[in-house]
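Novice: Each chain, written out:
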Amino acid sequence: MKRLRSVALALIAVFITAAELQPEARRSGYDFASPETRAMQDDDTANPGMLWVGQGETLWAKKAGAADKACADCHGDAQTSMKGVAARYPAFDAALRRPIDLEQRINRCRAERQKAEPLAWESAELLALTAFVAYQSRGMPIAVEDKPELRGARDLGAELFHRREGQLNLSCSQCHNENWGKRLAGNVIPQAHPTGYPLYRLEWQSLGSLQRRLRNCMTGVRAEPYEYGAPETVSLELYLMKRARGMPIETPAVRP
Amino acid sequence: MARVLINLPARAKRGQVIEIKTLIAHPMETGYRLDGKGAAIRRDIIKRFVCTYNGEEIFQAELFPAIAANPFIAFCTVATESGELVFSWTDDPGQTQTETRHIAVE
Chain X
1 MKRLRSVALA LIAVFITAAE LQPEARRSGY DFASPETRAM QDDDTANPGM
51 LWVGQGETLW AKKAGAADKA CADCHGDAQT SMKGVAARYP AFDAALRRPI
101 DLEQRINRCR AERQKAEPLA WESAELLALT AFVAYQSRGM PIAVEDKPEL
151 RGARDLGAEL FHRREGQLNL SCSQCHNENW GKRLAGNVIP QAHPTGYPLY
201 RLEWQSLGSL QRRLRNCMTG VRAEPYEYGA PETVSLELYL MKRARGMPIE
251 TPAVRP
Chain Z
1 MARVLINLPA RAKRGQVIEI KTLIAHPMET GYRLDGKGAA IRRDIIKRFV
51 CTYNGEEIFQ AELFPAIAAN PFIAFCTVAT ESGELVFSWT DDPGQTQTET
101 RHIAVE
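Chains as they are written, first to last, in the numbering used here: chain X, 1 to 256; chain Z, 1 to 106.
Treat the hints with caution; some may be incorrect.
Stated by the list, open to error - What follows is a list of derived Cβ distance ranges for each label pair:
id: 1; chain 1: X; residue 1: A61; chain 2: Z; residue 2: R11; range: 25 to 35 Å
id: 2; chain 1: X; residue 1: A61; chain 2: Z; residue 2: G38; range: 36 to 46 Å
id: 3; chain 1: X; residue 1: A185; chain 2: Z; residue 2: A39; range: 27 to 37 Å
What the hints assert, rightly or not - List of simulated lysine-lysine pairs, BS3-like, C-alpha gap at most 30 Å:
id: 4; chain 1: Z; residue 1: K21; chain 2: X; residue 2: K83
id: 5; chain 1: X; residue 1: K83; chain 2: X; residue 2: K62
id: 6; chain 1: Z; residue 1: K21; chain 2: X; residue 2: K62
Stated by the list, open to error - If we take Cβ atoms under 8 Å as the criterion, some of the chain X residues that face chain Z in the derived model are:
id: 7; residue: M50
id: 8; residue: G54
id: 9; residue: Q55
Read the hints as simulated data drawn from the structure, not as lab findings.
Here the structure is a predicted model, which means the values were calculated and not measured.
Where is the CB? At the ideal position from N, CA and C, for every residue including glycine.
Sequences and hints are given; from them, build the entire structure.
Specialist: What follows is the structure in structure tokens.
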């Protein structure tokens with residue numbers, strides 16, 4: 001029985017690998033965007049995401065919570081202390097014994113060090129701080145860790161990515177591994193590499209997190225989306241970052 | 001206070017054509033949308049944008065509900081003399097945001 005199971009697992013693994021993207025075939029969502037959208041991302045004075053980065057810079061130095069501390073009081077100059085940090089998230093949190101993403105890390109810091117209320121998901125403040133921190137890693141390759149403690153979450157993420165769900169009975173992989181570059185109605189299907197989050201989506205007319213994007217996709221296939229911050233969404237984020245390992249961070253990116 | 005990004009050269013040669021780019025955070029609520037309970041969301045857009053150069057108006061724009069959130073406005077002018085450029089955006093509730101930038105002309 002055990003042997004049968006391992007054969008079955010190996011077969012699944014082979015099947016999954018067959019549909020995987022080859023590293024050299026990977027392309028950022030930037031490459032699928034129109035020249036106008038790319039120009040908007042390339043010019044920091046035209047990129048609306050920079051409005052949030054600017055707000056984040058202000059918040060970084062602003063004291064908050066009962067401890068009356070600012071991010072800068074512990075971390076100092078973000079340009080040096082936060083360089084490369086976003087490229088490593090989601091990362092394993094030793095106290096929680098599970099991976100957490102950058103937004104959750106910021107809120108943990110608020111709760112533990114600043115003794116402040118957590119910022120709401122997709123609030124302007126949380127997006128601004130996340131964008132400001134991630135901006136410090138712009139141009140650096142994605143480098144999520146390969147720790148054994150993260151294995152469970154990574155495997156869950158991989159499984160969710162390949163699992164069909166919703167009334168349309170589609171998996172992430174069917175669109176983003178097998179049919180990228182083709183069109184879904186008016187839009188080109190990208191490969192789903194989370195290189196530029198939080199990013200400015202013209203459709204949203206706002207900055208948004210990777211969690212928001214994932215929930216959008218789930219609603220799109222008419223599945224019940226996971227809650228913000230659910231272990232399933234963080235696992236998916238982790239899997240996607242691992243899948244995009246080595247690709248440069250573009251935060252704040254601009255997408256249609 | 002809304003967040004603003006303004007880009008113009010800090011210095012320019014007399015007679016040089018310079019490009020000025022402005023971006024302001026604003027919801028540009030059209031007034032045509034309904035909220036979760038079916039009630040109309042009140043219109044809130046930036047109606048007018050004006051730029052003056054040493055007190056003289058060099059550019060103005062009227063904005064309408066079809067313009068997306070966080071409007072980006074870019075225009076050109078001729079650098080005539082050193083001084084101040086004042087940018088102001090006025091929205092439906094009547095609030096005006098004003099920003100000043102300096103330019104040195106040689």
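Novice: The structure should be examined with respect to each hint, and the outcome stated for every one.
Specialist: A quick look at each hint next to the structure:
1. Checked against the given bound of 25 to 35 Å, the beta carbons of A61 (chain X) and R11 (chain Z), roughly 29 Å apart, stay inside it.
2. Range check, A61 (chain X) to G38 (chain Z): Cβ separation about 42 Å, and the 36 to 46 Å hint holds.
3. Between A185 (chain X) and A39 (chain Z) the C-beta distance comes to about 31 Å, which sits within the given range of 27 to 37 Å.
4. Taking the CA atoms of K21 (chain Z) and K83 (chain X), the gap is near 29 Å; set against the 30 Å cutoff, the hint holds.
5. With a C-alpha separation of about 20 Å, the suggested pairing of K83 (chain X) with K62 (chain X) holds against the 30 Å cut-off.
6. For the suggested pair K21 (chain Z) and K62 (chain X), the alpha carbons sit about 28 Å apart, so the restraint of at most 30 Å is met.
7. Hint status for M50 (chain X): holds, given a least beta-carbon distance of 6 Å to chain Z, under 8 Å.
8. The interface hint given for G54 (chain X) holds, since its Cβ lies 6 Å from the closest Cβ of chain Z, which is under the 8 Å cut-off.
9. Here the hint on Q55 (chain X) is kept, as its CB sits about 6 Å from the closest CB of chain Z, short of 8 Å.
The structure is consistent with each of the numbered hints, conforming to all of them.
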